[in-house]
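S.K.: Sequence:
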Amino acid sequence: MPNPSLEENLLEIPDYIESVLLPGCIISVKAIFDAEENALTIQKLLTNIKE
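Those letters in the sequence shown? Residues 161 to 211, per our numbering, in order.
Derived from the structure by calculation, the hints contain no laboratory data.
Some clues are possibly wrong.
Listed next, with one range per pair, are the computed distances between beta-carbon atoms [what the hints assert, rightly or not]:
hint: 1; residue 1: Thr201; residue 2: Glu167; range: 43 to 53 Å
hint: 2; residue 1: Glu197; residue 2: Asn163; range: 43 to 53 Å
hint: 3; residue 1: Ile209; residue 2: Ile186; range: 50 to 60 Å
hint: 4; residue 1: Asn208; residue 2: Leu171; range: 49 to 59 Å
hint: 5; residue 1: Ala199; residue 2: Glu178; range: 25 to 35 Å
hint: 6; residue 1: Asn169; residue 2: Ile192; range: 24 to 34 Å
hint: 7; residue 1: Ile177; residue 2: Leu206; range: 34 to 44 Å
Note that CB positions come from ideal geometry on N, CA and C, so glycine has one too.
Can you make the complete structure from the sequences, with help from the hints?
M.R.: This is the structure:
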């Protein structure tokens with residue numbers, strides 16, 4: 161089986177970014193925001209318990 165040319169490999173990079181890296185980044189960013197929101201909720205609950 162012949163080695164795929166460099167050009168063929170480079171053409172696949174945008175597809176890879178779009179299908180693999182981008183969704184992964186979006187999920188990571190969303191997870192960070194969710195974690196921050198959860199931390200704020202817990203902080204509010206703890207404040208309410210103290211009062």
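S.K.: Evaluate the given range 43 to 53 Å for the C-beta pair formed by Thr201 and Glu167.
M.R.: The hinted range 43 to 53 Å holds for Thr201 and Glu167, with Cβ atoms some 51 Å apart.
S.K.: Taking the Cβ atom of Ile209 and the Cβ atom of Ile186, is their distance within the range 50 to 60 Å?
M.R.: At roughly 35 Å between Cβ atoms, Ile186 and Ile209 fall outside 50 to 60 Å, so the hint is violated.
S.K.: Taking the Cβ atom of Asn169 and the Cβ atom of Ile192, is their distance within the range 24 to 34 Å?
M.R.: Holds, at about 32 Å.
S.K.: Using the C-beta atoms of Ile177 and Leu206, is the stated range 34 to 44 Å upheld?
M.R.: holds, 42 Å
S.K.: Given the hint of 25 to 35 Å, is the C-beta distance from Ala199 to Glu178 inside that range or not?
M.R.: Between Ala199 and Glu178, where Cβ atoms are some 32 Å apart, the hint holds.
S.K.: Mind checking the hinted window 43 to 53 Å against the Cβ distance between Glu197 and Asn163?
M.R.: holds, 49 Å
S.K.: Please test the hint of 49 to 59 Å on the beta carbon pair from Asn208 and Leu171.
M.R.: Hint holds: Cβ distance 57 Å, inside 49 to 59 Å.
The structure fails to meet hint 3 from the earlier list, while all remaining hints are met.
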